[in-house]
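For reference, the chains in residue letters:
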Amino acid sequence: MSATSSGMTPAPAPVRRPFPVRTTVLVGVVVLLLALVPWTFGAFTVATFTRALVFAVLAMSVNLLTGVAGMPTLGQAAYFGVGAYTGALVAIHWSDLGVLQLVLATLAGVVAALVTGPLAIRGRGVAFLMITLAIGEIGFSAAGRLDSVTGGTDGLSGIPPVVAVPGTEGLVNEGLIYYYVLVVAVVAYLAVAMLLRSPFGLTLRGLRDNEGRLRAVGYRTDSYALAAYVYAGGLAALAGSLWASSQRFVAPGDLGFEVSALALLAVIVGGVGSMWGACLGALVVVFTQDYLGQLFSGHAPLLLGLLFVLAVYLLPKGIAGGRSQWRRLFPRERSQEDDEAVTPV
Amino acid sequence: MTGWLDAHLVSMVDGVAYGLLLFTLAVGLSLVFGMMDVLNLAHGTLYLAGAYTAYALSDGSWLGLLLALVVGLVVGLLGGGLLAAAVAPLQGRGHLDQAALTLGIALIAAEVMVMIFGAQVLPTAPPSALARSVSVLGHSYPLYRLVFIAVAGLIAVLVYLAFERSSVGALVRATVADRDMVRATGVDTRKVLFGVFAFGAVLATVGGVLGAPIIAPGPGVDDRVLVLSLVVVVIGGLGSVRGALLGALLIGQVQTLGVALMPAFAPFLLFGAMLLVLVLRPQGLFALGRA
Chain A
389 MSATSSGMTP APAPVRRPFP VRTTVLVGVV VLLLALVPWT FGAFTVATFT
439 RALVFAVLAM SVNLLTGVAG MPTLGQAAYF GVGAYTGALV AIHWSDLGVL
489 QLVLATLAGV VAALVTGPLA IRGRGVAFLM ITLAIGEIGF SAAGRLDSVT
539 GGTDGLSGIP PVVAVPGTEG LVNEGLIYYY VLVVAVVAYL AVAMLLRSPF
589 GLTLRGLRDN EGRLRAVGYR TDSYALAAYV YAGGLAALAG SLWASSQRFV
639 APGDLGFEVS ALALLAVIVG GVGSMWGACL GALVVVFTQD YLGQLFSGHA
689 PLLLGLLFVL AVYLLPKGIA GGRSQWRRLF PRERSQEDDE AVTPV
Chain B
24 MTGWLDAHLV SMVDGVAYGL LLFTLAVGLS LVFGMMDVLN LAHGTLYLAG
74 AYTAYALSDG SWLGLLLALV VGLVVGLLGG GLLAAAVAPL QGRGHLDQAA
124 LTLGIALIAA EVMVMIFGAQ VLPTAPPSAL ARSVSVLGHS YPLYRLVFIA
174 VAGLIAVLVY LAFERSSVGA LVRATVADRD MVRATGVDTR KVLFGVFAFG
224 AVLATVGGVL GAPIIAPGPG VDDRVLVLSL VVVVIGGLGS VRGALLGALL
274 IGQVQTLGVA LMPAFAPFLL FGAMLLVLVL RPQGLFALGR A
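Sequence order for the protein chains is A and B.
For our numbering, add 388 to where a residue sits in the first sequence, where the first one is 1.
For our numbering, add 23 to where a residue sits in the second sequence, where the first one is 1.
Hints in this document: simulated from the structure, not taken from any laboratory.
All C-beta atoms, glycine included, are put in the ideal place defined by N, C-alpha and C.
It cannot be assumed that every hint is accurate.
[To be verified] Ranges between beta-carbon positions, derived for each pair:
| # | chain 1 | residue 1 | chain 2 | residue 2 | range |
| --- | --- | --- | --- | --- | --- |
| 1 | A | Phe588 | B | Val93 | 40 to 50 Å |
| 2 | A | Trp482 | B | Ser163 | 32 to 42 Å |
| 3 | B | Gly192 | A | Leu421 | 56 to 66 Å |
| 4 | B | Leu284 | A | Leu421 | 36 to 46 Å |
| 5 | A | Ser611 | B | Met285 | 50 to 60 Å |
| 6 | A | Arg601 | B | Met204 | 19 to 29 Å |
| 7 | B | Asp29 | A | Phe675 | 50 to 60 Å |
| 8 | B | Asp60 | A | Ser611 | 21 to 31 Å |
| 9 | A | Phe432 | B | Arg155 | 51 to 61 Å |
| 10 | B | Leu303 | A | Thr541 | 48 to 58 Å |
| 11 | B | Asp201 | A | Asp542 | 34 to 44 Å |
| 12 | B | His118 | A | Leu421 | 27 to 37 Å |
| 13 | B | Val93 | A | Phe432 | 27 to 37 Å |
[As the list claims (entries may be wrong)] Under 7 Å between C-beta atoms, here's a sample of chain B residues computed to sit facing chain A:
| # | residue |
| --- | --- |
| 14 | Asp29 |
| 15 | Ile131 |
| 16 | Met204 |
| 17 | Ala207 |
| 18 | Asp211 |
| 19 | Val257 |
| 20 | Leu292 |
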């Protein structure tokens, strides 16, 4: 701002945000810890971690729309499915090369979101939620109906093991598949983080906070909403391709209402608007469903239900919602906490 | 034309029964949403609770049905009160938290009901006096459905009259349109909200008791009727009884006549219809007050 020469309203100089050193270090530590998973746990736990990472990418896609752009969605499973089927079909009929599957699946998701997006963004808030619900359900029905492409309700099986590096063998080992998914998920996380730091990401936040004002300033808000929708659709399709590679089986159930609802709930549990919160929420949801659900002999829905109820009451802003609510939950010294609680807004 | 009508008469009458059943569900969902902006995703659970009540208590006699209705009423009151109390602390925290909370409650309740009643669908017999078919214009048709149409139609008319013509209904409509203004005139809107929540819940459980022979209780039924009534509410417009009624009758026809006419597109009809309405008129066909 020091460069403004006259007393006129200073032009919005490009805000140079410093490189996020602390965040980078934190992400690095987390990735390092995640990289140790196959060395520490058994095959079942590693497979659960793989599913959690795929789900985390889907949750980021949901969060980009719900938390960042303020458009709660129940339809991302449709684009997840587009990606999963595209990845599976490419793998079966054409190439078992991972990069090719990922790129083509993402492109398919982008195209699907470009075609359906103009319908979806006609509504905001609950109307948007309901339109996306309809898109998700139609996608689910279509997957079960288009037998010649999707194999109908039987699904697509016989997906060959994915080849990560050309010339090497396909990944069959649980741990290697985990690393493949981890690398792609980290790349997706970085791509989303960069998007959020860009002016475009800031504009999306403006869309959430006050669309009317943004429009008044001269932004074409519908274009931004559509762009966010397309970006999120591509991201969901990327997750779908990872799903096809790691499970080596795709069925209509993979893009049902449950998937969309759980992804949205993962975002809420993690903290709406925070990307690492969404990833952590996805981890918590998948482990509650698959891990604890098995420990307590198949009462996964009960545990998930308890998780959501407790999360809404105890952590109103989600896991990533700031330290104050955690402090409220575990008060160490009353007097000190009261002093800290008074923060000027 | 008469030939066409004759061929599809059964589908159309089915559609009316189906639509009226959906109305008993959708009206509570719609009013609660319209008034307190609460997206109650546990609404389907109330229907399922009512249907299980009917299964557990109906033994083919009139007394059994009456008992089931009374118990269903109590279950609805308790469930509605419980949900209203659970949602109350979340006032002003947005739809997402309410959706997560009510979905969590729905998941817990569904699992508890599976533990009690098992994981299979439980066909529920209507009272034996009604468990036969009658001839309607040359078609054999289950008598219970005709009686159901009459009873549910009566309920719909009563709800409509109470909502549109009584002073209590005027209060409810006013609260939908502008809650703060109603509060400013000295009305304790929390009581209105609680009452509407309980009323909607009772309608849903009673709908479940009466509807059990039509949509039998079983796991997943709660989700199915919830999604159907959400579609009805969205098509009809939030917070409007008339919208819920017309939307429910429309969806009833889409689900029966539409499927009979276009079997190939059956899975797409419901959400296709909703998508069409939303895209053309995002606030619903009969929206009242703020959209």
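Right, here's what the structure says about each hint:
Hint check: Phe588/A to Val93/B, Cβ distance near 60 Å, so the stated range 40 to 50 Å is violated. Separated by about 55 Å at the C-beta atoms, Trp482/A and Ser163/B break the suggested range of 32 to 42 Å. For Gly192/B and Leu421/A, the hinted distance range of 56 to 66 Å is satisfied, since their beta carbons lie about 60 Å from each other. One distance hint, 36 to 46 Å for the beta-carbon pair Leu284/B and Leu421/A, is violated here, with the actual separation near 58 Å.
Look at Ser611/A against Met285/B: about 36 Å separates their beta carbons, and that is not inside 50 to 60 Å. Checked against the given bound of 19 to 29 Å, the beta carbons of Arg601/A and Met204/B, roughly 26 Å apart, stay inside it. Distance hint check for Asp29/B and Phe675/A: the Cβ-Cβ separation is about 58 Å, which falls inside the suggested range of 50 to 60 Å. Separation of Asp60/B from Ser611/A is about 29 Å and conforms to the stated range, judged on CB atoms against 21 to 31 Å.
Separation of Phe432/A from Arg155/B is about 55 Å and conforms to the stated range, judged on CB atoms against 51 to 61 Å. Between Leu303/B and Thr541/A, the C-beta spacing of about 32 Å breaks the proposed range 48 to 58 Å. Here the CB-CB span from Asp201/B to Asp542/A is close to 54 Å, at odds with the stated 34 to 44 Å. Judged by the Cβ atoms, the range 27 to 37 Å given for His118/B and Leu421/A holds: they are separated by roughly 35 Å.
For the pair Val93/B and Phe432/A, the supplied restraint of 27 to 37 Å is violated, since their beta-carbon distance comes to about 49 Å. Interface restraint check for Asp29/B: the shortest CB-CB distance to chain A comes to about 30 Å, outside 7 Å, so the restraint is violated. This hint holds: Ile131/B has a C-beta 4 Å from the nearest C-beta of chain A, less than the 7 Å allowed. For Met204/B, the suggested interface contact is broken, since its CB lies about 22 Å from the closest CB of chain A, more than 7 Å.
Proximity of Ala207/B to chain A is violated relative to the hint, the smallest CB-CB distance being about 25 Å (cut-off 7 Å). Contact between Asp211/B and chain A, as hinted, is not supported at the beta carbon level, the nearest pair being about 25 Å apart and thus beyond 7 Å. With a least beta-carbon distance of about 5 Å to chain A, the hint placing Val257/B at the interface is held under the 7 Å criterion. With 7 Å as the threshold, the beta carbon of Leu292/B stays out of range of chain A, its nearest partner Cβ sitting at about 10 Å, so the hint is violated.
Hints 1, 2, 4, 5, 10, 11, 13, 14, 16, 17, 18, 20 from the earlier list are contradicted by this structure; the remaining hints agree with it.
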